[in-house]
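Using the hints provided, position chain X relative to the given structure of chain D.
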Amino acid sequence: MKLEYIGLSEMVGSLIFLDGVSGIGYDEMAEITLTSGEKRYGRVIQLDGSRAVLQVFEGTKGISLENARTNFTGKPMELALSSEMLGRVFNGAGRPIDGLGELYPEERRNINGSAMNPVARVYPRNCIYTGISAIDGMSTLIRGQKLPIFSGAGMRHNDVAAQIVRQAKVAADDGEFAIVFAAMGVKNDVADFFKKDFEEAGALQRVVMFVNLASDPIIERMLTPRCALTAAEYLAFHLGYHVLVIMTDMTSYCEAVREFSSSKGEIPSRKGFPSYLYSDLASLYERAGILKGKSGSVTQVPILTMPNDDITHPIPDLTGYITEGQIVLDRELEQKGVYPPISVLPSLSRLMKDGIGEGYTRADHSDVSNQLFASYSKVQDARSLASVIGEDELSDTDKLYLKFGNAFEAYFLTQGVREDRSIDDTLDLGWKLLSILPKSELDRISAEDIDAHYVEDVTF
Amino acid sequence: MSETKYYIEGVNGPVVTVKGGRGLAMMDMVEVGTERLIGEVVSVEGDVTTVQVYEDTTGLMPGMPVFPKGAPMSITLGPGLLNNIYDGICRPLRGIAEATGAFIGRGIQIPALDEEKKWDVTICVSPGDELAPGAVYAECQETPVIRHRSMMRPDQSGTVLTVVPDGAYTVTDTLVTVKNAAGEILELKLAQQWPIRSPRPVEARCTITRPLVTGQRIIDALFPLGKGGCAAIPGPFGAGKTVTQHQLAKWSDADLIVYLGCGERGNEMTEVLDEFSELIDPHTDQPLMYRTVLLANTSNMPVAAREASIYTGMTIAEYYRDMGYHVAMMADSTSRWAEALREISGRLEEMPAEEGFPAYLSSRLAEFYERAGYMKTLSGKEGSITIIGAVSPQGGDFSEPVTQNTKRFIRTFWALDRSLAYARHFPAINWNQSYSEYLTDLTPWYNEQLGEDFLKLRARLQAVMKEETSLNEIVKLIGSDILPEDQKLTIEIARVIRLGFLQQNSFHAIDTYVPMEKTKRMMAVIFRLFDGCRGLIAKSVPLSQIKATGIFEKLVRMKYEIPNDDLSQFGPYEQAVDEAIASVAALYQ
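For the record, the sequence lines run as chains D and X.
So for the first sequence, my numbering puts the first residue at 1; every next one is plus one.
So for the second sequence, my numbering puts the first residue at 1001; every next one is plus one.
Think of the hints as simulated: they come from the structure by calculation, not from any bench.
Keep in mind that this is a model prediction, so the values were computed, not measured.
Glycine included, every Cβ here is placed at the ideal spot set by N, Cα and C.
Each hint should be verified, as a subset may be incorrect.
Stated by the list, open to error - Covered by chain D, according to a simulated footprint, are these stretches of chain X (three or more residues, beta-carbon under 8 Å):
1) 1264 to 1271
2) 1300 to 1311
3) 1349 to 1356
4) 1389 to 1398
5) 1474 to 1480
So that you can see chain D by itself, here it is in the shape it has in the complex (with noise of 0.2 Å):
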């Protein structure tokens, strides 16, 4: 039996309410045509007895009341899934715009997916080089992790989602890497100096892309990231690719929620966004992981722009406690002209302690880590100090920190767009740049290690 409803009975933003429908579900996708047989697409949000309510993705602009047919398709949203996905682009509903025609699928899945079985997750432990050594060597990126870069409007972030795109490699190498693109909100020319990176690096192949730009719809921007995840996981665990999801920007998409909702009159919490909006974006960041008996994985690294710079502000915060650790941009170091301008203290990668040291990349590695946090952060103590009293009134220890300071973001942290820094590489610097200090200050390393590592009278 299936049923067309004609007309509206009311309109309210991106909402449209049927009244008299029967046997519809919760969460239905429905189809719209207008009069001029323009199609548009829609998804039921609210049932009431035989009210239905429905968000309609491209927007109600030119729809009446009279002059639209709705028919459901009893099903959930779903996505066609095939390997020729490879290498496509699609809009943020999951529709191909390459103009190479419509996906021949070979599965279609519920773009939501399902929460996945802690029993069944392996806990992930395999380090990703990205040849970044303030990412390797202070907070390491995992296979199967969510570690979102948190930055601010203007800042090089693109250019570091980029790098470690084009320079990811697994220590064992036992796979191969697939990336997803999903492009939410942003501006034509950032999802094409991605598309010309992947070209450049001749990944192209590899790549999917999901882009909905800061014109396009925001009802389409809420379901990109879905999409997107949703064909991330079938590659990963339908096909075993390691899959790399890089996700930009989510500020925009929590924007798009903020605005759904309020278009729905539901009651805000801080700042406007909806109460809701920690489970929403913890049912997009938890499509993270490595299940047992399957080849592939999903790695997210989604990208934020923290408003004003605001590490507090409800999207950087809620993203924080979900995902596991941060990258941090910091405009200061930006205006240094560091690049990456990775602000070390406040980043953090929670998988880190499982994946380094002996067996996974080198012995040293936890302790060298631990003791360039532990120093760097008492070079912040130094500066504020010299910035009060001067350098020259400052102990011999406290002028030594500063040295160690600015060496370290001119050595350790800086480096070039396309320069690949191995594992090895990164502690040896690590190692040297420690040297400046005595070994005295080395309290997070053993005797053993201070021996055998420490790098008497160090230049820079």
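Using the frame of chain D, we list chain X on its own:
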């Protein structure tokens, strides 16, 4: 069972409105739709009953049937809970994985306990015995470290009619029949049902006199938690809430751990499961999982089940407490639970109070924390539940409603600090903001077990850290060189305390767990040095001379070098301190 007059009227996320009759009671369990998703009645208004559904509601249609279960939301309690992992409404995740694969499906109904497994049961009663509520009628060895005692439900009593002989039985076999005062025959099995929102009754509440020994220096020495008490760990992300919870779950001297991952990361639960299966408990020499029940409602599992998970965990904890065990319950994180409450409250269109949280947030938190305590159980044993709740304040700001309301119901507060975490000082418990109100209650225990000098050393340590904080204000302005020598010494000793005592490396084989006695000796050595140095400085010896001996660095490393089981190794350190002092003193004779 398939006949029902109730049907779905409307669907809005996890909230479903039901029509068809007026017979549904508040908090009753229902099964919704043809897939029979589990739900609970949350409000009744005339003909319309509102139900929160514990699973994804995709595909539910108005008109679908709703089946009342006629009882409040209950879980099955019995042997087999330990060494197992459940979701928020106590469905076994291993069973779910077998039924629906790596991703969690819907409408799955699997018994919480393995109904095939035979337990070696000893019957403790004989016909004619009078069984009071809470009386133990059967025992079995649930894991090598925990003996499971099947007790009369707290709301039942009667005379034993028949018993089976000792032997191997499953959780569904009837072991004992009892006739109660009303003349009804009760069939008692190894397992029993209990509604999760009703606290299990106890005989009496006792005062707290013993600490939960955690093996974490800053906690045991500075901010102890009583057995039967409540603690909160608030902190911004990355400050180490979860690692601290894991450390407490691993090393505290509770008999049993209920670990609740409430709205947290899936990988973390996998880590706990893997790690606890391998790690050996220092108190029993058996894998930690043998004393652990895990509950996981990861952040992408249904939000309504998150709200229920905290009660599920508490009910399990109370069940084992009633057997006479000391249970520690870790809830990571209570903020996610509060947010689930807020989300559902929003869907019910209730009037919000502060920051969108419902006005009943504080009374719900109070109900939860008050279920902790050191109790005399119905069967006359002593048992306790200690709650350690993580709080994830928005933006790390402790003035938000969940932290503030929690503070009213807990007595130990471990405030995690972002700047300590950035400097990789772990555990990042800020010694100026944290407090423990249990100290006075526990003073007799400390004096008796560890001697009166423990608390004296503790008081000195806290005073030094307090003084350092105020000195640091000055140092920030003028640098440390200008300070007088005795204040320089305070800063130097505080540095030793920070690095060598307060900082504890949870990934280091020796340092991850420290017995109380070692904690005390460490404080004693540090103050031996402090006193020695003060003597020298009074004789105008510059601090730099003493520092040159390297004794300060030596003490910083002692935590790694003195084994936990051989405290005689402190001897050489005491000697080294004395020698260093003497050698410097000799120079200034």
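Against chain D, does the stretch 1349 to 1356 of chain X show at least 3 residues with beta-carbon separation below 8 Å?
Check passed, 4 qualifying residues.
Worksheet entry | Within 8 Å of chain D (C-beta), three or more residues of the stretch 1264 to 1271 of chain X | holds (count 6)
With a C-beta cutoff of 8 Å, work out whether three or more residues of the stretch 1300 to 1311 of chain X approach chain D closely enough for the coverage to hold. n = 3 at 8 Å, threshold three: holds.
request  = Between the stretch 1474 to 1480 of chain X and chain D, see if three or more residues pass the 8 Å beta-carbon test, and mark the coverage as holds or violated.
outcome  = holds (count 6)
For this session: Verify the coverage statement for the stretch 1389 to 1398 of chain X against chain D, using a C-beta to C-beta distance below 8 Å and requiring 3 or more qualifying residues.
Result: holds (count 5)
Violated hints are absent here; each numbered hint is respected by the structure.
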